[in-house]
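For this one, chain A is given, so just place chain B on it according to the hints.
Letter by letter, the chains look like this.
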Amino acid sequence: MKNSWIGGEAVWRSEPAEENLAVAVHRCEAGALERLIDRYEGALYSYAYGILQNAFDAQEVVQDAMLRAHRALTRQYDEPRCAELALRPWLFRMTRNLCLNKRRSKTRALEQPLETFDDGRLGPFVRQSDDAERKEDAELLRRAMGVLPVEARELIVLRFMEEMSYADIAKTVGTTESSLRGKVFRSLKLLRDALEKKGVTHAV
Amino acid sequence: MRCRSVLTRIDAMRTGELPAEEHAPLHEHLGSCPSCNESVSDVEAFAQTVRSLAAAPPRSCRDSVSGKCKDSYATVTERGETVWVVFTDRGLRMIHRGGTLDDVRERYARRHGREIVERPLPERLRKQLAAALGGEGVDNPQVDWGEEESGIERDVLKTLTRIPRGEVRTYSWVAQQAGHPGAVRAVGTICARNNVPFVVPCHRVVPATGGIGNYAFGSALKRELLRREGVDVDALDALARKGVRFIGSKTTKIVCFPTCRDARRIAEANRVPFGDAESAEKKGFRPCKRCQPFATPTSSRSRSSARPH
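Those protein sequence lines, which keep their order, are chains A and B. Count along the first sequence starting at 1, add 81, and that's the number in the numbering used here. Count along the second sequence starting at 1, add 6, and that's the number in the numbering used here.
No wet-lab data here; the hints were simulated from the structure. Note that beta-carbon positions come from the ideal geometry of N, C-alpha and C, so glycine has one too. Please note that a few of the clues may not be correct.
Chain B side only, calculated, beta carbon under 10 Å to chain A, not exhaustive [unchecked claim]: (1) Ala18; (2) Arg57; (3) Ser58; (4) Pro64; (5) Lys74; (6) Lys76; (7) Arg111; (8) Ile122; (9) Glu124.
For reference, chain A alone in the conformation it holds in the complex (with noise of 0.2 Å):
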């Protein structure tokens, strides 16, 4: 797989503590590809189901991302291409372009279910430590979300739900560090917007 779109490999280097699964899986080491799946396939989902809103086309995109994944690492990838392989935004990247693959290719269902968020009654969202106020807020947010573009819907996933630094979510979508703290701040300005609409204040 030649990442042209970034400029070949030696953008994906990797911090070395963890096991490296990547080569692991290139050894089709006992275990190994489910100790990726399991590992990565709750992040991807979340992330895949942030960008389609769709749960059935997540999980779909998840397991053709585990296959492409799997098919890379072991017939394309040579070991030492593995082990220098920055793991988490290579599948987050790898996510992404089949998610919005997908979405193209769904050119009638795009914006889809663009849940309207009008709920009435409408209380303060942070600061509760209540967990039934906290579900609430989640539910809150998750409409909320469903309004933003695309972009920011992704940004916000990857930083706040991952924790993924700038250095990854640049390699993730493709940008560059410097364009992404503007959009994500974007991002954060818009979610906020949304949920001010229908009155609620809250620190983004």
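Chain B only, in chain A's frame:
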């Protein structure tokens, strides 16, 4: 430190991007500034709410993915030989004789980059393998050629399947027939790394200089396999010692490989031995159309005048 710069620092600390030496000043500031403390808890609460949106997929793709990323293996015992067979739903992928399961795993991973799990061997593949090992030969082997083989590898392996049971051909003949006449040595290499020996009959290829030649599993097994298929191995040795490479027929003036089915039925009195193509052509013999013994362009010269065997 100013309150303005605190938010970005908090944000950076959350994702581990804040350099270690800035942690202390930040904490110091937070200890003395209630309003910044409030923003910290806001950011944390927000991040926590976003995290709570994380959802597990309705159904994990673990089993379906790992199922699709693994091929199957089985062991087969035939005529006292135990062989490992790796297969996919498209056919045979690798046949390995001897060694342990770990050897097979290791070799398969190195070559095809996939894990293997034990599954029962489909009946049609078991039959093919039994026929190949037993000497009946396999006419139309069901092989999953995969994608790794280069063009020439595939050409050569496919050519091998055209060598009839009970006959042998030379490396140069295979090279010629596969469309790569210069790649004689490469044919040897490709035979040596044949993934599916026995079924794709690389044992039916012998040196042009006579004799049986080498085999990945030792030339003793090669002789044994050929004998099972009906090749008179000792007679081949005898011919090689006399320098005979082709056999012609006095009556038809056609020259063949010694193991060609048409050469084998020439009456003893009419057999004419030749050491090379030129001496046969000089005496007015033409190459057999079935075994096409002259792996050189000379074989096309006599095509127009020739009658079929």
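* To do: Run the structure past the numbered hints and jot down the numbers of the failing ones, going up.
  => 9
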